[in-house]
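In order, the protein sequences belong to chains A and B.
According to our numbering, the first sequence is numbered sequentially starting from 1.
According to our numbering, the second sequence is numbered sequentially starting from 1.
Simulated from the structure, these hints should not be mistaken for lab results.
Careful, some of the hints might be misleading.
[What the hints assert, rightly or not] If you only want the chain B side, here are some residues facing chain A, beta carbon under 8 Å, derived:
#1 N86
#2 P99
#3 A110
#4 R114
#5 R115
#6 L146
#7 V231
#8 Y249
#9 T268
[Stated by the list, open to error] Calculated Cβ distances over 10 Å to all of chain B for the following chain A residues:
#10 G36
#11 I83
#12 P183
#13 G232
Cβ coordinates follow ideal geometry from the N, Cα and C atoms, glycine included.
2 protein chains.
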Amino acid sequence: VTDTAPHPFDVATRLQANSDGVLRGATSEAYWNFTGPFGGTTAATLLRAVLEHEKRAGDPVSITVNFCAPIARGDFQIALREIRTNRSTQHWYAELSQPEVGIAANATIACAARRETWAHQPARPPPAPAPEMLAALPTQGMMAWLQRYEFRFVHNQPKRFAATPNPQPDSALSHLWLSDAPPRPLDFLSLTALADTFFARIFHVRGALVPIGTVSMTTYFHADAAGLSAVGSAPLLGVSDAKVFNKGYADQTVELWSRDGSLLATSTQIVYFRDPAG
Amino acid sequence: VTDTAPHPFDVATRLQANSDGVLRGATSEAYWNFTGPFGGTTAATLLRAVLEHEKRAGDPVSITVNFCAPIARGDFQIALREIRTNRSTQHWYAELSQPEVGIAANATIACAARRETWAHQPARPPPAPAPEMLAALPTQGMMAWLQRYEFRFVHNQPKRFAATPNPQPDSALSHLWLSDAPPRPLDFLSLTALADTFFARIFHVRGALVPIGTVSMTTYFHADAAGLSAVGSAPLLGVSDAKVFNKGYADQTVELWSRDGSLLATSTQIVYFRDPAG
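Just need the whole structure built from these sequences, with the hints factored in.
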């Protein structure tokens, strides 16, 4: 990456408008996951469709992405609809499709004009040493998307995953510093993707890799564009946990904190898992 | 309500299919809120559209509802699209509209076949006395929808709201027993509505009623239909909190627990507030 080359994240989430208003993008090898592109880039690409639309008003406050089917390598299309524009809020609906797959993902996105108000943050970040004090998780030779992030675990770094699950469940809670690799100034797109970088909680709890897939993910943004811009490319402190694993589905909760202790985003997802060992 | 009359909740969420496949419903005075119907019944009505569809497969695992505009008194339509049906998951998109309003709400809903798996519930319900030991919040003379629920606060019962906000923020956390009034056996519809019965966190924190509105709400279901049916009409223990209020928007988190300590649903919403006092 030179000073003039685009960051691989911007390549992965790039869209071009066709004459019919449909947007076209393509999957990126740089963010390839096990059976498709990393879901964080898919979510960010759907958000980019809105953010680059000429009628977009305000900053995003929420995005829900449903992962309907694995996206195949190659080109995809995004059809975007403006659902409603009010005085201070705006709603969008987007569908990502491929001819050979059909609809692979859809999203609802809300934007809003954010103005100064009374403010209060009851939540607090967990204590953590400075990211410079911690070694990054080695990701060489692992799936491509893992190499596009630096993971510096503060709490509950995954051990070497076993072939069979632990008989006793381990903790689902992780604290870690997260950053793009190479570094990239924070914006809504990268924040959306960062919310999906947490390993499935069941990997931590079972100590083993079991088949999983995110069905739906929702992220709320608690800062405006200027607030994210002020973070620059500093690492974010991430917190992830789960409350329940039952009948093939588990929740996953996420907080993303700036180094100075501002909660930038909260996110939650519902994750399919295959683990018949019960 | 006699043994044969439908419960007011079922009247409020009732839908009829037109010959063109569009569903028709109507707002209910019994669940009227300040400027429109209670959002919980709107969310439940959108879910009902899916659950009553002949092609629906499995139980709902997630629903996201976006509240795009106030729904006017009277009739509305729901247009429902099957987005994708996989072997064990199914995705839907629904839009609620009125001729004079346009699109007032939309929703994405995922269903799934739920099978026995390894199960684990790291989260625990807060300690609470039995609901029979607690008085219900008086709701006579208040907004209609409040009278359709019994609220038995365990922790942080709202005081009489002041005309001006507290100078110092109070806690955003509430624990309370919740039930339909009159009682109604639990199902996915009522559980969806119950997730929206929590007072806006800012009312608790500021000790005052400020203008608010939910922009988007997401609920995950952690039990299947049989699991909900086993609860019957027993009260649920609800937990609600907020992490951050900033620039006109706040998050709100919800847990809904059965009396025997099973986490039935988790929910989150992003709420607009007007409070320029900062």
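We went through each hint and held it up to the structure:
Hint status for B/N86 relative to chain A: holds, with the closest Cβ pair at about 7 Å, below 8 Å. For the restraint placing B/P99 at the interface with chain A, the shortest Cβ-Cβ distance is roughly 15 Å, beyond the 8 Å limit, so the hint is violated. Interface hint status for B/A110: upheld, as the beta-carbon distance to the closest one in chain A is roughly 5 Å, under 8 Å. Residue-level restraint check for B/R114 holds (minimum Cβ-Cβ distance to chain A is 4 Å; threshold 8 Å).
A distance limit of 8 Å between C-beta atoms decides the matter here; for B/R115 the minimum to chain A is near 6 Å, and the interface restraint holds. Against a cut-off of 8 Å between C-beta atoms, the interface hint on B/L146 is violated, since the closest Cβ of chain A lies about 25 Å away. Taking 8 Å as the C-beta cut-off, the interface hint given for B/V231 is violated, the closest approach to chain A being about 14 Å. Taking 8 Å as the C-beta cut-off, the interface hint given for B/Y249 holds, the closest approach to chain A being about 5 Å.
Interface restraint check: B/T268 against chain A, minimum CB-CB distance 6 Å, threshold 8 Å, status holds. No Cβ of chain B comes within 10 Å of the Cβ of A/G36; the nearest lies about 14 Å off, and the non-interface call holds. Non-interface status of A/I83 relative to chain B is broken: a Cβ of that chain comes within 10 Å, the nearest being about 5 Å off. Under the 10 Å C-beta cut-off, the non-interface status given to A/P183 relative to chain B holds; the minimum distance is some 25 Å.
No Cβ of chain B approaches the Cβ of A/G232 within 10 Å, the least distance being about 19 Å, so the stated non-interface status holds.
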